[in-house]
Amino acid sequence: MSQIPSQLVEQLPAVQLLLTLLAAPICSMFRNGDLSWRIATVASWASVACAFALLHQVWGGGSISYEMGGWPPPWGIEVVIDELTAIVLLLVTLFGALVMTALRKSLSSIMRHQRQSLYYTTFLLCMASLIGITITGDAFNVLVFLEISSLATYTLIARGRDRRALTAAFRYLIMGTIGATFILIAIGFMYMLTGTLNMADLSERLPEHYDNKVLHASFAFFTIGIALKVAMFPLHYWLPNAYTYSPKATTAFLAATATKVSLYVMIRFIFDVYGVEFAFGQMQLGTLLVPLSIAGILVASLTAVFQDDAKRLLAWSSVAQLGYMALGMALLNANGLTSAVTHMFNHAMMKAGLFLALATMIYRTQSSSLAALSGIGRTMPWTTGAFAILGIGLIGVPFTAGFVSKWYLVSGALDKDWLPVAILLIISSLMAIAYIGKMLDVMYFKPAPAEFADIKEGPKSMLIPCWIFALLTIYFGIDTRLTAGLAGRVASNLLGAS
Amino acid sequence: MIEGLNPALILIIGALLVPLFPQPWRRVYVIALPLVSMLQLVLHPFGTFAEASMYDVTLETFRIDNLSFIFGLIFHIAAVLGVIYAIHDDDPIHPTAGLIYAGAAIGAAFAGDLITLFVYWELTAASSVFLIWARRTESAFKAGMRYLVIQIGSGVILLAGVVLHYRETGFISFNEMNLESIGGKLIFLAFGIKCAFPFLHNWLQDSYPEATASGTVLLSAFTTKLAVYALARGYAGTDMLIWIGALMTAFPIFFAVIENDLRRVLAYSLNNQLGFMVVAVGIGTPLALNGAAAHAFCHILYKALLFMSMGAVLLRTGTCKGSELGGLYKSMPFTTVCCIIGAASISAFPLFSGFVSKSMIVSAVAGEHLTFVWLMLIFASAGVFHHSGIKIPYFAFFAHDSGIRCEEAPLSMRVAMGISAALCIGIGVFPGALYAILPYPVDYVPYTAAHVITQLQLLMYSALAFTVMMLWKIYPPELRSTNLDTDWLYRKGATEALLPVTALASQTTKDLFTTLAKLKEKTLGLFEKTVGPGAWLSRSVDSSGMVALTMGSLLVFLLLYLL
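In the order they appear, the protein sequences are chains A and D. For the first sequence, this note's numbering assigns the number 1 to the initial residue and increments by one for each residue that follows. For the second sequence, this note's numbering assigns the number 499 to the initial residue and increments by one for each residue that follows.
No lab work stands behind these hints, which were simulated from the structure alone. Careful: at least some of the hints might be erroneous.
[Stated by the list, open to error] What follows is a list of derived Cβ distance ranges for each label pair: (1) D:Leu1060 / A:Leu18: 38 to 46 angstroms; (2) D:Val540 / A:Asp454: 48 to 56 angstroms; (3) A:Phe306 / D:Glu636: 51 to 59 angstroms; (4) A:Phe306 / D:Val755: 43 to 51 angstroms; (5) A:Asp162 / D:Phe639: 34 to 42 angstroms; (6) A:Ile427 / D:Val755: 50 to 58 angstroms; (7) A:His56 / D:Pro590: 47 to 55 angstroms; (8) D:Leu969 / A:Ile427: 53 to 61 angstroms; (9) D:Pro784 / A:Ile426: 34 to 42 angstroms; (10) D:Lys640 / A:Pro234: 36 to 44 angstroms; (11) A:Ile427 / D:Gly1043: 22 to 30 angstroms; (12) D:Lys640 / A:Ser369: 52 to 60 angstroms.
Ideal Cβ placement from N, Cα and C applies to all residues, glycine included.
Next up, chain A with everything else stripped away, as it sits in the complex (with noise of 0.2 angstroms):
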């Protein structure tokens, strides 16, 4: 009997990926949409479990391999899950389900019936081709799933009720073509040096071929092409329409998980397949990295201030965010990759929460513009206070999840003595307060509209969710053994494997 349950979770990598990529066509199979996403939410949520167990399996340093199909690498796909994985894992996972639990209401308003079954069909194949670019150890199958999600992607994109949807899809869709064809020239140049695809036969063979152009052509395509994906300053222009002009939740869901997913790519590649010093020492990455980052931030947050539409301040915000991360992990200390990994996680939190808290809002309102929202604190209380804490953890006020993370941003600047650059984090901060302050003041303090003025609360489908988020900022605000401390782990294996 005991038999069953330790084969079963040999298999659990295996199982993480194919619970949601097989939902996915059985989804397809049905024209009720109420059933669609009664099975989507089920696999999402089974998925979640799944990654809590593996993350169970590595907490405290360890790693799983896994052999698909039972070839060993470095012939077979190899599946490499440590404790990077698995924090990504469950970001993609968790608020994956947290978002798709709320969806159902929001899109029933946009969508008929018998669409929506394809719908969550093209959501779950998004979150399998996240899990797999997570946890493959194989840098092609990185790139298949990556195409894999950037198809899945533009469809959610394009499926907004604003004809400008298409235009973002679009757009996205070459920006997101190009990256990808980047990344497929940077594997095939190494490919060509080394002769192999797996990405830990990869780190070892690689060294000998430093000073190799071929390599060196390979890490400048691979840079541009995750900067693009990642939305890195000033290859980020294609997403703020894209966030503003999806449909309201799948807008929670992307910002939540597709740059963040990228990022993890961009982190594990640098970091794990060309190496720490081929990277920032021979191909100085860091004078590169480190200015285009603050430069994004400040751009960014003051582009943010001054947007009049709530869903592309936001975006705008994401911008800035993923500067942050970006900063985190150019800074190349322990304080600083640790506030990259906590970061990735927390704002994935707290943006997937604020665009659902908006997702909620708009549903009520059918707009998304400021004049819109103003008042709506007095007709939609929960709704805003949830939107409220949020955006208080964003800006980064103490027990919150968003102050850890910025602490260890400012600790791992201070660490390399750059004051210059943590008094521009500090300034950027109060762009923050500016561009929150200025949402929380229209909904909280200007007069409602008059066909507002008696809209209800949201649904409750979508209100819980909603405060899910709020209370887990609040919570990794105070507990950080998950956040901050996992990623301390990491940031210390990530800069000891150097």
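Once you've looked at the hints, dock chain D against the given chain A.
Leaving out everything else, chain D in the frame of chain A:
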């Protein structure tokens, strides 16, 4: 008594429940709550309790020792007096905000580390602003906003300082600090804002007179005295404080003499009294620190008493302007007596509370042979008697009869004033009880012939000056006027001076944008003419822009790596 339970938590959590009580019970509850909390404090042993660990640092959330005990105690007394004073008011916002505010101030006094201090520091700001807003006038709302911005700003500076201090020293505990590091300087600045240092003081005169009658009583007790405590804890013996304090005692006098709003006069005199405490903290000897703590204790009582009497006048007559009042002693005899007792205390008449504490500070200054500072303090003492001791009661209750006939203050106000007045006299007559709870052992005798005679001379000549000026009618008359303070510089002057600059900037930006817009239109027109019509192209311009950007970046990277 529950060991380790912070009285601040009793107050804060208890205060949140206030609105749940129906009216007759609420009155009982809001008085019982601070009394229960005070009992917990008085019975609690000294030491450090309720330690918590967070982000790898140990927080000492409840440290009770000689210095924090006396501040915790007087904050409790002020809270009790404040709620009794306002008990006739049905508005639940007052006891709720007031008790949270008191709890936050007490929590900050018992904070053993800087993080805890920061949390309570911000909570005092966030809770106290409701006491200003509770007046529900447009000007009160605006003043409250200005107050909030400055108070929260002080907290943000404190946090920045704490982070830097922690990085420089590795310690997060709230003990002695110095001004050599940036962190130490920022923390000092944050304390200075709350303590209303010269040029950082305007928020006080701006906001306190705008609060409700009972709100001002509470406001006057906590924020600034918390800052004095924080300075005594962190920066005792910092020479700079002596000069800052001396300046604080002197300059508000001029403003106080010409000010018409009597509550604003009291706000200026509050500033002046703080100066005495700051000087004492700057000297930093045991005698001086005892003096600072004792003066804070007495000051909270008599300043509350004075604000209470003015609040009663405001409630009954609807105004606090010296030019509109006068002759009220016929209608409000009890309030008049209490006001005079408060005035006598603040002027440090022998047998009143101010005398036993202020003389400690003056003796400490004399003991250090700081002659110039000593002279400034003596001048300030005379000035205090002038504007608070004589001007307040004279213009409100005597002077020319304004013809206003009103009721005596409500019973609740009279009870609160009576208790405060009794405490003021009690401490003045039996200083031993106060001296027993001071942070350091006391061997100081206030009632020596020299002390008493010096003080009486000072007071008599000051009174003489007032009388002579009144008789010859050269005393600055009470006019309806607005007096400009240094905040004019940043509230009005800066905006005026910057006007041309901002106008130029906005014009330039406008020009730039119109040029850009024209340029964009021309490019778009060109595309439409040459390549073909349709919205599709104008969108693809953006895409190709993005692609160009990408290719550009790639080129930069490739050139950098391959060359």
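Comparing the hints with the structure gives:
In this structure, Leu1060 of chain D and Leu18 of chain A meet the distance hint of 38 to 46 angstroms, their C-beta atoms being roughly 43 angstroms apart. Between Val540 of chain D and Asp454 of chain A the CB atoms are about 53 angstroms apart, so this pair conforms to the stated range of 48 to 56 angstroms. Separated by about 29 angstroms at the C-beta atoms, Phe306 of chain A and Glu636 of chain D break the suggested range of 51 to 59 angstroms. Against the hinted window of 43 to 51 angstroms, the Cβ-Cβ separation of Phe306 of chain A and Val755 of chain D comes to about 48 angstroms, which satisfies the hint.
Between Asp162 of chain A and Phe639 of chain D the CB atoms are about 39 angstroms apart, so this pair conforms to the stated range of 34 to 42 angstroms. Between Ile427 of chain A and Val755 of chain D the beta carbon distance is about 43 angstroms. The supplied range of 50 to 58 angstroms is therefore violated. Checked against the hint of 47 to 55 angstroms, the C-beta distance between His56 of chain A and Pro590 of chain D comes to roughly 48 angstroms, which is consistent with it. In this structure the supplied range 53 to 61 angstroms holds for Leu969 of chain D paired with Ile427 of chain A, their Cβ-Cβ distance being about 60 angstroms.
Between Pro784 of chain D and Ile426 of chain A the CB atoms are about 39 angstroms apart, so this pair conforms to the stated range of 34 to 42 angstroms. Taken as a hint, the range 36 to 44 angstroms holds for the pair Lys640 of chain D and Pro234 of chain A, whose Cβ atoms sit roughly 42 angstroms apart. Our hint of 22 to 30 angstroms for Ile427 of chain A and Gly1043 of chain D holds, since their Cβ atoms are close to 29 angstroms apart. Between Lys640 of chain D and Ser369 of chain A the beta carbons are some 28 angstroms apart, a value that contradicts the proposed interval 52 to 60 angstroms.
Of the numbered hints stated above, those contradicted by the structure are hints 3, 6 and 12, listed in ascending order.
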